[in-house]
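Colleague: Chains as they are written, first to last, in my numbering: chain A, 1 to 412; chain B, 1 to 412; chain C, 1 to 144; chain D, 1 to 144.
Hints listed in this document are in silico derivations from the structure and should not be mistaken for laboratory results. Every residue, glycine too, gets a C-beta built ideally from N, C-alpha and C.
Capping the alpha-carbon separation at 30 Å, the derived lysine-lysine pairs in DSBU-like fashion look like this:
1) Lys130(D) / Lys244(B)
2) Lys57(C) / Lys35(C)
3) Lys171(A) / Lys244(A)
4) Lys171(A) / Lys196(A)
5) Lys171(A) / Lys141(B)
6) Lys171(A) / Lys144(A)
7) Lys245(A) / Lys52(C)
8) Lys196(B) / Lys144(B)
9) Lys26(C) / Lys22(B)
10) Lys245(B) / Lys52(D)
11) Lys171(B) / Lys196(B)
12) Lys325(B) / Lys57(C)
13) Lys26(C) / Lys26(B)
14) Lys35(D) / Lys325(A)
15) Lys130(D) / Lys57(D)
16) Lys57(D) / Lys245(B)
17) Lys245(A) / Lys130(C)
18) Lys130(C) / Lys26(C)
19) Lys26(C) / Lys325(B)
20) Lys245(A) / Lys144(A)
21) Lys244(A) / Lys144(A)
22) Lys196(B) / Lys245(B)
23) Lys144(B) / Lys141(A)
Covered stretches of chain C (chain B as the covering partner; in silico rule of three or more C-beta atoms under 8 Å from a C-beta of chain B):
24) 20-31
25) 69-80
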Amino acid sequence: MMMASLNLPERIRQDFPILQRKVHGKDLVYLDNAASAQKPLAVIEGQREYLSNYHANIHRGAHHLAQLATEAFEGARGKIATHIGAAHTEEVVFTGGSTDAINLVAQAWGRANLTSDDTVLVTRMEHHANIVPWQMVCAEKGAKLVPVNVLEDGTLDLDDYASCLEQHQPKMVGFVHASNTLGTINPVAEMCAQAKAAGALTLVDGSQALPHLNIDVQAIDCDFYVATAHKAYGPTGLGFLYGKKSHLESMPPWRGGGEMIESVSFEGTTFNGLPHKFEAGTPHISGGIAFGIALDWMNGVGTENISHHETRLVEHAHAALGTLKGLQIIGTAPHKVGVVSLVVDGLHPYDLGTLLDGQGMAVRTGHHCTEPLMQHLGLESGTLRMSFAAYTTREEIDRAVIALDRAINMLR
Amino acid sequence: MMMASLNLPERIRQDFPILQRKVHGKDLVYLDNAASAQKPLAVIEGQREYLSNYHANIHRGAHHLAQLATEAFEGARGKIATHIGAAHTEEVVFTGGSTDAINLVAQAWGRANLTSDDTVLVTRMEHHANIVPWQMVCAEKGAKLVPVNVLEDGTLDLDDYASCLEQHQPKMVGFVHASNTLGTINPVAEMCAQAKAAGALTLVDGSQALPHLNIDVQAIDCDFYVATAHKAYGPTGLGFLYGKKSHLESMPPWRGGGEMIESVSFEGTTFNGLPHKFEAGTPHISGGIAFGIALDWMNGVGTENISHHETRLVEHAHAALGTLKGLQIIGTAPHKVGVVSLVVDGLHPYDLGTLLDGQGMAVRTGHHCTEPLMQHLGLESGTLRMSFAAYTTREEIDRAVIALDRAINMLR
Amino acid sequence: MSEGLISSRQQEVIEEFELFDDWMDKYEHLIELGKDIPAIQPHRKTDDHLIKGCQSKVWLAADETDSGAVEFTADSDAIITKGLVGLMVRVLSGADARAIAEADLHFLDAIGLHQHLSPTRSNGLASMVKQMRLYAAALAARQS
Amino acid sequence: MSEGLISSRQQEVIEEFELFDDWMDKYEHLIELGKDIPAIQPHRKTDDHLIKGCQSKVWLAADETDSGAVEFTADSDAIITKGLVGLMVRVLSGADARAIAEADLHFLDAIGLHQHLSPTRSNGLASMVKQMRLYAAALAARQS
Ligand SMILES: Cc1ncc(COP(=O)(O)O)c(C=O)c1O
Ligand SMILES: Cc1ncc(COP(=O)(O)O)c(C=O)c1O
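Please construct the entire structure, taking both the sequences and the accompanying hints into account.
Modeller: Set out below in structure tokens:
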């Protein structure tokens, strides 16, 4: 496994057509994977093949193409269920992405269950997608939204977590599996167990975990788990909600329309069973199929190999960046996914990012949709974030460090 | 124009790779276009090109790929705005499809504006997508949902429409531009004018109009217009909501998350301007870009040429089907898009559809997500529907008629 | 042994369908099979015996014979669906409850009808098979 | 004619940037330009003068000179953004209000900075240009 992961980029880089391209005349160095990962050829071609050869609307069609498309789409649902260790395939609901999935829970579960006596607990390291939907439903219901603290090194304050559970007795607890800004991997299984003991349901935002870690929702024992395909080598416009069957069954539907009904009349409408109850309208068929292919690709490479490779990259990046004067790494938790945020004394991340772009390097700057975290850490202008994928090499990180050094010198 | 439309399929069939394929050893005859249209090569290749060469997450990225992707995606929004004659580009909101767009209005507008004194008016020819979201919000708010009648020939009962407006004073009126089951084209501009005079807002479901007709939302003068890309030669998982700026501005957001905010804190969040306020999370970037290409393709062919061609096909199909004994066409309105529904005395549409499939022909059978219409017309088992696109030929219709004749003989 | 019964009947059906290499011929044959279906008694064509999830309606009833075997009667408002039901009844009816509950119905694959068996297929063959097995399992439980 | 002024200054900038064929050299030059920016008075660095929609902060003020021209002062917390502001100020400051409001700023394209001008670009150059034109248009309206 060690050997395999050392050679990982070498073995797989040719799977990614975009990695051949130039930016401003220089070889692209793509270090913005936490925003969105690039796609292997199998995913791109799988989507093309579907659209060229067996596209049709699914589920109700009695003709051959509809049958092929339905089997492929439902097959992808099965692949997701297997990949995350769901007990039942119908526990996987296709959504437009993580954001859509969290809104589904906040709206369908939240509006039916939250009252003005209730609290929803989240953390200060959440992405806006796991804050704003709760703010909206809490505002509507008069419920309280409480954040758990984050420590200096970017780990979650687990003492504060325990006392928030005790003090606020929340009905729902939402937290990231891995932080998109800090890289921190949270101890989700323990956190779910504690929440359960305190009588709360749990929603784990796995957007940054799916591309990097093995996921087993039954081992984590969360009530809901969400992720988005485009960060995990998959297509845009697609994600999923996993929910324990009993919860999904008792939740009212959210969107109304075709597919999610059993029968419709003006006198009264009855809803379909799982998972269709939550999938109104024609789904993103090509996206579902392509996401299944992305998971196949990841499993072919081996998620542990990817994890292991990225852990090495993070260590390497931390060490190499340490040589630059005035540079501070934001987020040094012991367990991290392939995300390295940094700031440089007296310099604006935007300037640094622009000067990296000028050298062909794609990084992200700003608040990374985690403004409350930036406020908490006193980083008004945000950070510069490099984020890695299976195809990222040590050489690319070295090039980025040299480019950053040049940028710092130009700006000083 | 006449000449151009006569040769239309000949000129464009080679643009559609799927039309080369066989089904059960026979040449595919794809007559299920109202469920979903096939994709021209330009759309398929445009999506592939994006994913292979300039994929990145959009809007907040300062690097080159993010810039290219943002320009392409926002460029597509501009193409939609131009195509439908919107006054402002930001009046076009990307959604997951028509269903998602109608739910957005039903939830964001409806929950803020409907009370137990209010009525929403729809028609008996609506797709479930334009019924169930209103049923759900009406149930929540105690508002009334009232359907306008449909006449025997499949035209809307405009007298009933006028008297419903007068009697119920609805706050919102929703209707299809063209019916997916009957083909009927409604006089949407007149209907919007009448609704406006009665003080109601209007939502036009253009899912079946976009692929067939020129659309000018300012001429129609509707308040909202929705459509879905996959029926208009575009990708799956994407659609749009057009709304008059003043309405969209005054509506609260629906989904919360990244992109739709101006700033987030636990003390309070402020929302972004149009159209982003309604676009939480990473959008379906490749889908948006591919949809822009689909509209380019349609405009290259000429929407009037497509309309004209399909009108001829409908006339031809009506005449040719008329030769089959016991066959009745459901929906004979004077103005129709390329949709022909039919039933055959004593035979189940499912049997007919299956026997057409056995001969390589894709048609749809059942209620077509218009159960209330089927109940109204007393067609418990639904209809068999043939639906046409720009690439459909007279010969294909002739083959379908022969195949149908054979099926009827086998079943009798 | 009624396991052997189901198995030999499957073999019979497979050989029968091997004669047809065109789908239309298969459907022709299914239509014929539907005509011989042991008809469900009219008064039993109620919602209780209706199988959900089909575009066409299927009614199915199961009875225990004196020897403890299961006999199915059925009907459908669509002719090809009736043929599919007829085929299932022909293979399973008269076998032991337990054998039915556990039968490996490979013939559906072999004759190319597995695509009709997909749970997403609108004819509901999958629901039909499930219902037959449920009836049989319930009987088997009662017998043991 | 201050239209001519804007136009000749654009030409000057275009020729200056033609010397650089690498982005890094352009940025180097922008950084230099930022240093010469006519600084906004510290007490005017308030929310009123802050331009929205930038990752970096930009403050911009406009004043009318005795001769009726518009003079801009500005600042930013990011160095390259400051250079971009500096460039805009250099081209527009001192021209007539009307000329500024209506100026065709083709130089941004010519020097490859149009990509920084896209409304979706996070540096907010687009908002900045819009704000400069708004100030000028308001002044022009008052003058006429
Ligand atoms: C008239 C009409 N409205 C709405 C829809 C729903 O579109 P979608 O499933 O793409 O959301 C359809 C198509 O299924 C339709 O034909
Ligand atoms: C931790 C986290 N949660 C949620 C999201 C939202 O994902 P999407 O924008 O695909 O809905 C992201 C990515 O932007 C993320 O990093």
